[in-house]
Amino acid sequence: MTGDLIFILLALLTLVSAVWVVLSRNLVHAGFGLLFTLFGAAGLYAYMGADFIAVTQVMVYIGGVLVLVLFTVMMTHVPRDKQRHGVDRYVPAAVFALLVFGVLYKTITAVSWHGLAGPAHPTVARIGAGVMTDYIFPFEYVSLVLLAAMIGAALLTREYHPTAEEGDAPAEDAATDQEVAS
Amino acid sequence: MEILTAWLQGLPGFGGMSDQGLFITGAALMATLMFTVMALCAIVFTWMERKVAGFIQSRYGPMRTGRWHGWAQAVADMLKILGKEDIIPAEADKGLFVFAPLLVLLGSLLAWAAVPWAPGFSAANLDLGLFYIFAASSMVVMGILMAGWASNNKWALYGAARGAAQMVSYEIPLALATIPVIMHVGSLNTQDIVVAQQGGILNWFVLRDPFLFIAFWMYFIASIAETNRGPFDMPETESELVAGYHTEYTGMRFAFFFLAEYANLFLVSVIAVMVFLGGWWSPIPGLDFAPALTFVIKGVLMVFLNMWVRWTLPRVRVDQLMYLCWKVMIPVTLLCIVGSGVLMITSGALG
Chain E
1 MTGDLIFILL ALLTLVSAVW VVLSRNLVHA GFGLLFTLFG AAGLYAYMGA
51 DFIAVTQVMV YIGGVLVLVL FTVMMTHVPR DKQRHGVDRY VPAAVFALLV
101 FGVLYKTITA VSWHGLAGPA HPTVARIGAG VMTDYIFPFE YVSLVLLAAM
151 IGAALLTREY HPTAEEGDAP AEDAATDQEV AS
Chain H
1 MEILTAWLQG LPGFGGMSDQ GLFITGAALM ATLMFTVMAL CAIVFTWMER
51 KVAGFIQSRY GPMRTGRWHG WAQAVADMLK ILGKEDIIPA EADKGLFVFA
101 PLLVLLGSLL AWAAVPWAPG FSAANLDLGL FYIFAASSMV VMGILMAGWA
151 SNNKWALYGA ARGAAQMVSY EIPLALATIP VIMHVGSLNT QDIVVAQQGG
201 ILNWFVLRDP FLFIAFWMYF IASIAETNRG PFDMPETESE LVAGYHTEYT
251 GMRFAFFFLA EYANLFLVSV IAVMVFLGGW WSPIPGLDFA PALTFVIKGV
301 LMVFLNMWVR WTLPRVRVDQ LMYLCWKVMI PVTLLCIVGS GVLMITSGAL
351 G
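Line order of the protein sequences matches chains E and H. Counting in the numbering used here, the first sequence runs from 1 upward without gaps. Counting in the numbering used here, the second sequence runs from 1 upward without gaps.
Don't read these hints as lab results, they were simulated from the structure. Backbone N, C-alpha and C define an ideal beta-carbon position, used for all residues, glycine too. Hints may contain errors.
[To be verified] Here are some of the chain H residues that sit facing chain E, going by a computed Cβ distance under 10 Å:
#1 96
#2 99
#3 161
#4 171
#5 331
#6 335
#7 339
[What the hints assert, rightly or not] Some residues of chain H that are not near chain E, with every Cβ distance over 12 Å (derived):
#8 50
#9 66
#10 127
#11 132
#12 134
#13 143
#14 144
#15 250
#16 288
#17 297
#18 348
[To be verified] The calculated label-pair distances, taken between Cβ atoms and stated as ranges, are:
#19 E/19 <-> H/172: 30 to 36 Å
#20 E/76 <-> H/342: 43 to 49 Å
#21 E/129 <-> H/293: 37 to 43 Å
#22 H/75 <-> E/25: 44 to 50 Å
#23 E/76 <-> H/69: 50 to 56 Å
#24 E/25 <-> H/318: 31 to 37 Å
#25 H/252 <-> E/9: 25 to 31 Å
#26 E/19 <-> H/90: 28 to 34 Å
#27 E/145 <-> H/24: 30 to 36 Å
#28 E/155 <-> H/172: 34 to 40 Å
#29 H/85 <-> E/128: 49 to 55 Å
#30 H/78 <-> E/9: 32 to 38 Å
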């Protein structure tokens with residue numbers, strides 16, 4: 001009974017805030033609404049006994065991804081800006097949403113959920129052992145992908161220093177032009 | 001938590017209660033207890049901070065309220081702040097403005113749940129303990145960002161952006177510095193981490209090997225930045241940003257930020273105690289009379305160290321702050337992980 005109540009509350013939190021994210025006309029509100037959706041999803045994971053995934057969800061999505069999303073929204077957006085409307089926006093969104101829903105529906109119906117409702121037991125030791133033995137190749141592969149992303153990010157944010165053969169730095173030229181103009 | 005429910009069961013009138021009822025009552029009691037300790041921390045530490053600052057700057061600090069060294073000053077301040085007018089700026093984003101202080105407080109209170117106060121006594125004895133604490137405190141970043149945005153004030157927004165960038169960055173060396181200890185213990189459970197340090201000061205992880213010693217200081221530096229305190233108080237620099245992300249907050253809502261700051265300060269200090277400084281064990285083996293008291297005293301000493309640093313060192317620049325995090329502390333903590341691992345293998349600790 002108490003368990004059901006907790007589940008209903010968590011599901012409500014996730015769904016209501018998800019609807020808020022979609023319908024909110026203010027992008028920053030939508031971003032903060034996502035906080036509750038992700039938190040509710042983490043709660044649902046914890047409720048299912050997947051404690052490691054729940055905490056990782058909070059750590060990665062709320063502590064990392066969402067902060068980035070909000071930074072992007074805040075830096076590219078005017079506070080009371082309105083989202084644009086029109087058929088050219090709704091149709092691709094609807095098609096994409098239907099596709100995702102189709103995949104999710106297939107997955108949800110394919111899994112037998114009754115076997116999973118056992119008592120919760122800690123998962124972190126099993127996950128750690130799994131990552132270091134059976135799944136060592138995917139684990140190393142993911143770390144390689146992350147390393148590539150990191151190098152890419154470092155390269156992109158690096159200042160452009162043309163070598164002597166390429167001539168003077170364009171940035172410096174622009175600066176002197178501005179100084180002359182003023 | 002288990003101790004608390006067992007104790008509840010023994011009370012008259014609670015014996016016939018169902019397990020769920022006991023659990024909920026116990027959880028509510030525990031949350032109240034944690035919140036009370038948190039509020040007490042804020043009161044004691046504000047007074048302590050002013051006295052420490054006064055001592056370091058060759059002055060007295062509060063002396064009059066309550067006769068003995070102004071001990072009642074913090075209580076008086078708290079009562080004053082309760083009576084203050086609650087102002088919400090006309091142009092503020094009202095919903096977010098009201099919710100932000102609660103979110104900041106929620107983040108620290110969530111993290112407090114896994115603190116091991118005494119053997120078997122934490123609000124939630126989680127298998128993921130340390131990982132959970134770091135995840136929960138990442139909620140604080142969201143609260144700060146929300147507060148800065150909702151205030152609709154350029155100083156507040158700058159402060160929030162700085163705060164978020166700083167906390168997201170320093171979370172990494174903070175967590176990495178604890179990994180050598182996790183390798184030694186083989187568990188993330190906070191109780192297990194403390195139990196592994198039994199047997200006097202030489203068994204505390206800070207003195208186990210040189211890399212752990214370095215990792216402790218890396219953790220300490222990162223924890224100062226993580227709580228946004230000097231010399232890393234960029235989000236609140238009064239000479240540049242008025243007061244940072246809580247510029248527009250008044251009365252009780254401001255008090256929430258204040259409470260959360262000191263709650264976080266004590267949290268990072270007790271994590272240092274738990275991970276590196278032997279938790280509730282006393283320095284001399286066999287003298288463990290009052291584990292919870294030992295734990296809290298060590299925590300307060302760490303808080304004192306934090307204040308000492310705050311009132312001694314000048315503030316760094318934003319670029320120096322980021323340089324220190326990404327180019328010094330992260331490589332050093334990574335080195336600590338590798339070094340400690342090598343020492344574990346060569347000393348045969350892995351069996």
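Do the hints match the structure? See the list:
1. Annotation: interface hint on residue 96 of chain H holds; nearest CB of chain E at approximately 6 Å, less than 10 Å.
2. Interface hint status for residue 99 of chain H: upheld, as the beta-carbon distance to the closest one in chain E is roughly 8 Å, under 10 Å.
3. A hinted interface residue such as residue 161 of chain H counts as satisfied when its beta carbon comes closer than 10 Å to some beta carbon of chain E; here the least separation is about 7 Å, so the hint holds.
4. A hinted interface residue such as residue 171 of chain H counts as satisfied when its beta carbon comes closer than 10 Å to some beta carbon of chain E; here the least separation is about 7 Å, so the hint holds.
5. The beta carbon of residue 331 of chain H is not positioned within 10 Å of any beta carbon in chain E (closest approach about 14 Å), and the interface hint is therefore violated.
6. Hint status for residue 335 of chain H: violated, given a least beta-carbon distance of 18 Å to chain E, over 10 Å.
7. The beta carbon of residue 339 of chain H is not positioned within 10 Å of any beta carbon in chain E (closest approach about 20 Å), and the interface hint is therefore violated.
8. Remark: the non-interface label on residue 50 of chain H is consistent with the geometry, its nearest Cβ contact in chain E lying 33 Å away (cut-off 12 Å).
9. Distance check for residue 66 of chain H against chain E: the nearest CB is about 41 Å away, which clears 12 Å, and the non-interface claim stands.
10. For residue 127 of chain H, the non-interface assignment is contradicted: its Cβ lies about 4 Å from the closest Cβ of chain E, within the 12 Å cut-off.
11. The claim that residue 132 of chain H lies off the interface is violated: its Cβ sits roughly 5 Å from the closest Cβ of chain E, which falls inside the 12 Å cut-off.
12. Here residue 134 of chain H does not stay apart from chain E, with its beta-carbon only about 7 Å from theirs, under the 12 Å limit.
13. The Cβ of residue 143 of chain H does not lie farther than 12 Å from every Cβ of chain E; its closest approach is about 10 Å, which violates its non-interface assignment.
14. Not every beta carbon of chain E lies more than 12 Å from that of residue 144 of chain H, the smallest distance being close to 10 Å; the non-interface claim is violated.
15. Under the 12 Å C-beta cut-off, the non-interface status given to residue 250 of chain H relative to chain E holds; the minimum distance is some 22 Å.
16. At roughly 28 Å from the closest C-beta of chain E, the C-beta of residue 288 of chain H stays outside 12 Å, upholding its exclusion from the interface.
17. Residue placement check: residue 297 of chain H keeps its beta carbon more than 12 Å from all beta carbons of chain E (closest about 30 Å).
18. No beta-carbon of chain E is positioned within 12 Å of the beta-carbon of residue 348 of chain H; the least distance is around 20 Å.
19. Take residue 19 of chain E and residue 172 of chain H: their Cβ atoms lie about 34 Å apart, and the range 30 to 36 Å holds.
20. Our hint of 43 to 49 Å for residue 76 of chain E and residue 342 of chain H holds, since their Cβ atoms are close to 46 Å apart.
21. For residue 129 of chain E and residue 293 of chain H, the hinted distance range of 37 to 43 Å is satisfied, since their beta carbons lie about 38 Å from each other.
22. For residue 75 of chain H and residue 25 of chain E, the hinted distance range of 44 to 50 Å is satisfied, since their beta carbons lie about 46 Å from each other.
23. For the pair residue 76 of chain E and residue 69 of chain H, the supplied restraint of 50 to 56 Å holds, since their beta-carbon distance comes to about 52 Å.
24. Take residue 25 of chain E and residue 318 of chain H: their Cβ atoms lie about 34 Å apart, and the range 31 to 37 Å holds.
25. Between residue 252 of chain H and residue 9 of chain E the C-beta distance comes to about 27 Å, which sits within the given range of 25 to 31 Å.
26. For the pair residue 19 of chain E and residue 90 of chain H, the supplied restraint of 28 to 34 Å holds, since their beta-carbon distance comes to about 29 Å.
27. Take residue 145 of chain E and residue 24 of chain H: their Cβ atoms lie about 44 Å apart, and the range 30 to 36 Å is violated.
28. Under the hint 34 to 40 Å, the C-beta atoms of residue 155 of chain E and residue 172 of chain H, about 20 Å apart, miss the expected range.
29. At about 53 Å, the CB distance of residue 85 of chain H to residue 128 of chain E agrees with the hint of 49 to 55 Å.
30. Distance hint for residue 78 of chain H and residue 9 of chain E: a CB-CB separation of about 33 Å, consistent with the stated range 32 to 38 Å.
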